[in-house]
Structures are given as structure tokens and as C-alpha cells.
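Student: Protein chains in written order, with my numbering: chain A, 1 to 402; chain B, 403 to 526.
These are calculated hints, taken from the structure and not from any lab test. Just so you know, even glycine gets a beta-carbon here, dropped at the ideal spot from N, CA and C.
Just the calculated beta-carbon pair ranges, DEER-fashion:
| hint | chain 1 | residue 1 | chain 2 | residue 2 | range |
| --- | --- | --- | --- | --- | --- |
| 1 | A | Gln389 | B | Asp430 | 31 to 39 Å |
| 2 | B | Thr498 | A | Gln126 | 16 to 24 Å |
| 3 | A | Leu288 | B | Ser482 | 29 to 37 Å |
| 4 | A | Arg225 | B | Lys501 | 28 to 36 Å |
| 5 | A | Ser293 | B | Lys501 | 42 to 50 Å |
| 6 | A | Leu382 | B | Pro410 | 35 to 43 Å |
| 7 | B | Asp491 | A | Gln384 | 45 to 53 Å |
| 8 | A | Phe128 | B | Glu413 | 44 to 52 Å |
| 9 | A | Gly157 | B | Asp491 | 42 to 50 Å |
| 10 | A | Gln389 | B | Leu452 | 32 to 40 Å |
| 11 | B | Asp491 | A | Gly69 | 45 to 53 Å |
| 12 | B | Glu413 | A | Gly43 | 48 to 56 Å |
| 13 | A | His21 | B | Asp430 | 51 to 59 Å |
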Amino acid sequence: MKFGLQILQQLPRPADSEQWHENDELNSTQQLLEQIELADKLGFDYAFAVEHHFLEEYSHCSAPEVILGAAAARTKNIRLGHGIIHMPPKQNHPARVAERVATLDIISNGRVEFGTGEGSTVAELQGFGTTQAEKKEAWEEATRECLRMMTSVPYPGHEGRHFSMPERNVIPKPLQKPHPPVWVAASRRETAMLAARMGIGALGFGFETPEEAEERVLRYYQLIRECRRPIGAAMNPALVSVGNMLCADTDEKATDIGLPGAQFFGLSIGWTLGRVNWGHDHIYREYLRRVESAKSAEERDAATANEPEDEGARTLYRAARRGLFIGSPKFIRENLLRYEAAHMDAVFFLAQVGNRRHEQILESMELFAREVMPEFKERHHLHQRWREQQLDGVKFPVNSTI
Amino acid sequence: MAGTAFEPPSEAVRAALAAADQALADGDYTASVRRSVAAYELLLAQRPELMPAPPSGLLRRDGPLIPDMPRTMRAGPWPSTMGVKLALDQGKPKLTFEKERFSMSEAAAYYEYTRDLVDAAGRP
Numbered sequence: 001m002k003f004g005l006q007i008l009q010q011l012p013r014p015a016d017s018e019q020w021h022e023n024d025e026l027n028s029t030q031q032l033l034e035q036i037e038l039a040d041k042l043g044f045d046y047a048f049a050v051e052h053h054f055l056e057e058y059s060h061c062s063a064p065e066v067i068l069g070a071a072a073a074r075t076k077n078i079r080l081g082h083g084i085i086h087m088p089p090k091q092n093h094p095a096r097v098a099e100r101v102a103t104l105d106i107i108s109n110g111r112v113e114f115g116t117g118e119g120s121t122v123a124e125l126q127g128f129g130t131t132q133a134e135k136k137e138a139w140e141e142a143t144r145e146c147l148r149m150m151t152s153v154p155y156p157g158h159e160g161r162h163f164s165m166p167e168r169n170v171i172p173k174p175l176q177k178p179h180p181p182v183w184v185a186a187s188r189r190e191t192a193m194l195a196a197r198m199g200i201g202a203l204g205f206g207f208e209t210p211e212e213a214e215e216r217v218l219r220y221y222q223l224i225r226e227c228r229r230p231i232g233a234a235m236n237p238a239l240v241s242v243g244n245m246l247c248a249d250t251d252e253k254a255t256d257i258g259l260p261g262a263q264f265f266g267l268s269i270g271w272t273l274g275r276v277n278w279g280h281d282h283i284y285r286e287y288l289r290r291v292e293s294a295k296s297a298e299e300r301d302a303a304t305a306n307e308p309e310d311e312g313a314r315t316l317y318r319a320a321r322r323g324l325f326i327g328s329p330k331f332i333r334e335n336l337l338r339y340e341a342a343h344m345d346a347v348f349f350l351a352q353v354g355n356r357r358h359e360q361i362l363e364s365m366e367l368f369a370r371e372v373m374p375e376f377k378e379r380h381h382l383h384q385r386w387r388e389q390q391l392d393g394v395k396f397p398v399n400s401t402i
Numbered sequence: 403m404a405g406t407a408f409e410p411p412s413e414a415v416r417a418a419l420a421a422a423d424q425a426l427a428d429g430d431y432t433a434s435v436r437r438s439v440a441a442y443e444l445l446l447a448q449r450p451e452l453m454p455a456p457p458s459g460l461l462r463r464d465g466p467l468i469p470d471m472p473r474t475m476r477a478g479p480w481p482s483t484m485g486v487k488l489a490l491d492q493g494k495p496k497l498t499f500e501k502e503r504f505s506m507s508e509a510a511a512y513y514e515y516t517r518d519l520v521d522a523a524g525r526p
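With the hints as constraints, model all of the structure from the sequences given.
Tutor: What follows is the structure, encoded as C-alpha cells:
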């Protein structure tokens, strides 16, 4: 199993202020670059950066190509992924995407992973004039054509439903041939299966239990073998599961440090789906208010059947069932073992969420890399052997870094 | 369904789903979506309890801070954002086509969603 960081760049408004302090975005950006740099040194395999627009507090990573360019200059081995680029042409013209991805691939000496997606929130889609009803079709058309631009000399041009352009040679071409490994954001199961039918990796942003992951893996690889219409010139058979991670010496310490960030993440992702008072909503204060009221509310309820009686153990149990990796090395290891048994190709961690301090995140990454990661990396060749069996009979070229 | 005899998806449901799969393989994506929708409607008519509830916790602004099992990847609501909207009409599900033509990605997504639900409905 491989491991990666999912870079979201959460930035809660300060509790003592209506707006961010002068250097908050500067510090946050520098810190996430340091986190990617450390991940590279520790042997993490991937760092994927999101693209989100206008989602205050939830994500301030709106120009991932710039972040990843800076990361490329500061790292040596880690694969740099877009997780994901909004592909509907009103958000990003496919030729501009092809140019940026190829340039990043050259700057990073061939370390790019090309993650694609539709964009999910109405706030983001409406901000660029894309409707929900057209976004998936727009993603498909733009992604297919963007990959043709990376491989065609010249690109013959396109007359489509979502964009048109005349014949041009789109340059530069990516270093990786025929193009970098391609992924799609899959927050729903059916999108992961669509990925398999198109021969690309699925970034599982939907949070799932190991049991759900196992079913998804088996169906995904079945469809990969049956794939007849890959969207690009090379397939990237790969499945990732994403979870919130905080590793500390003890479960209690990890929960104290890690759970508030995971809770803020949950609240802020829900916030992006409702009506927003732009520039004024203060999600972090709302979070603090909910924490206070939750202390006496029923949501801190008694254990249900099969759950531990102890409140702390119950919190961790629920966290694990939700695909969270918040706990001691032993707890995280046992949770990851179940994903490994399900043949998950990689697990990506949301390490920076909520108000977790930079130093806590670095310590957590170091402890995980020292106490948990090595045995999974040592066993990865067994997974690769299993994967080769799954891919037996695939008729198309494969470019994958699993 | 306590006290109710288990009723697997009907032959009509499975036939519509098989037709959707075949249309997908043939590259007739609009036909595939229409047949997936037909299978879904037939299944809900037979087993109305299978209409999924909105996800709890995550993906809801008013969800609790420590949500219950957020089965957000599986058993999610009908994917209404791809051109076929699901609404309740006097308590009964009603599917409305918002466009005439569908792409491969939309057809594959609607097929896989419906197939997963039919599979789940086939397990006692």
C-alpha cells in the first residue's frame, strides 16, 4: 500500500476576529509547502493538491498548479498530483490545463499525477457559469480532448458541446509518455466504476469503511479488465481511499489533537453546500458554538449495540468506522491493515484540517512514517503481484505509479 | 421490513438493467440512461423502502459534529445532478429528464448506481 497527503489548505477564521489576520494565508501556504517537503523526506509517495474556489475556511487552495510548482522545486521523489483540476471548460480551458500539467511535469522531472474532476459545489460551478446538469458531460469532453492535446502533433482541433478550438500544436508536451497517470475524483461509488470503464484511477473522496472499500476494489478491477474505451492513451488502474489522519503516542492524545480538526472538516464541507454570506460567514465560530452545545446534547449519546461502552474508545471506534486514521500508531496500523486486506492501492491522508497546529502535523507525519508506514511499504510488492494478476488480459498500455 | 417476506427484484427490473448494460456496451448512452431509469422506477415501485434517505452527518450543514456512519459513497441518493432529477410527488418518487442526450460518463454512472441498488435489493 502506498501513502499520500491530500492537501486541502483549510484556514478557519480566527475566533477573535471577523477576518483573517494579515499573514494567515502567507503562513498557511508556507506551512503546507513545508509539510509536502517533509512528506518527501519521510518517504510518502504522493502529495495531491485540491482545486477549490470561493470556499472560505474550507479550502484556500485555489491555484494548485502554483503550489505544486513550488513543491516541485523543494522535493525530489514525491509524486505531485492534482486532486483535482476542475475540468469543465468554463473553469479551466482544456488547452490551458494541458499546458500547465505538461509544464509541471517537466519542472518536476516527470512526477505529475493528473487528477481531474467536475467540481462539486453549486457555489463553485455557478461562480464560473457551469450548471450541475452539464458538469459531468463537460468533464468527459474536456478530459478526453486535453489528453489528446498532450499526445497529438498537432492537435487537430475540436468542435464540441462544451468547447471548440481550431487546429493548434499544444506545447509543451509532458515528460511522461504518452501522458501522466490520469485520475478522477470519485466521491460516489458509481464514479469510481465510471473511472474503471474509462481506464483511469479513482480518488475515493467519499469516505468509506474497509468493507465498502473491498467491494469497490473488486468491482473496479473487474471493470478495468473489461474496459474497451479508455479516455486517454494509457490506463491508470488505481484506487485511493482518503481519510483524516493524526498520529500521536496514545489514542487519547491523538483524539484530543486530531478530532477537533476532523469535526471542523465535517462541518465546513457541509457549509459549502448551503447558502453562504460571502465574506462574512464565520464557520469556525459556528463550530465552537456547536462544540459547546454538543457537550450536553444527545449527539454525545450512549453507545449503540456493538460499540464500546467507554466514551473515548467509542469515539475512536466511530472514527475508524468512518475511515478516519486518528489514534496511536497501533490503532492506525490496525485500521490500515483492513484497507490493505481489501487490496486498496493507496491511502491519502488529510493531515492539515481545522486548527491543527503546524508542529502537531509534522510530529504526526514523522511518527506515522517511523512507526506505521515501513511495514506497509515492505509488503507493497505483494500487492503489486496481486494487481498484476488483476490486470492480466488488459489490452491497453498502462502508465501507473502504484 | 420486519415481518414482511423478502421480495427480490423482479424479472422486469433485471431485464431493464440488462438492456441498460447492453446499450452502454453498444455506445448508445442515451438509451442506456433511459433503461437504467426504467429499472430504478420499476425497483422503487416494487420496493419503495429502497428509496435512499439523504446522507446523514457529513454533507449536511446541520449534521451533528460526530456523525453516524456516513455511507456517503454507497447507498447515496439518486444522482440527480446528471440530467435526470428525482423528486417526491405526493410521497411517490418521480424521475424527470432535464435533457435529451447523455454522455458515456453519465450513462455509466446511472447504470452503476442502479446496478448496485438492484444487487443490494437481491440480498435477503
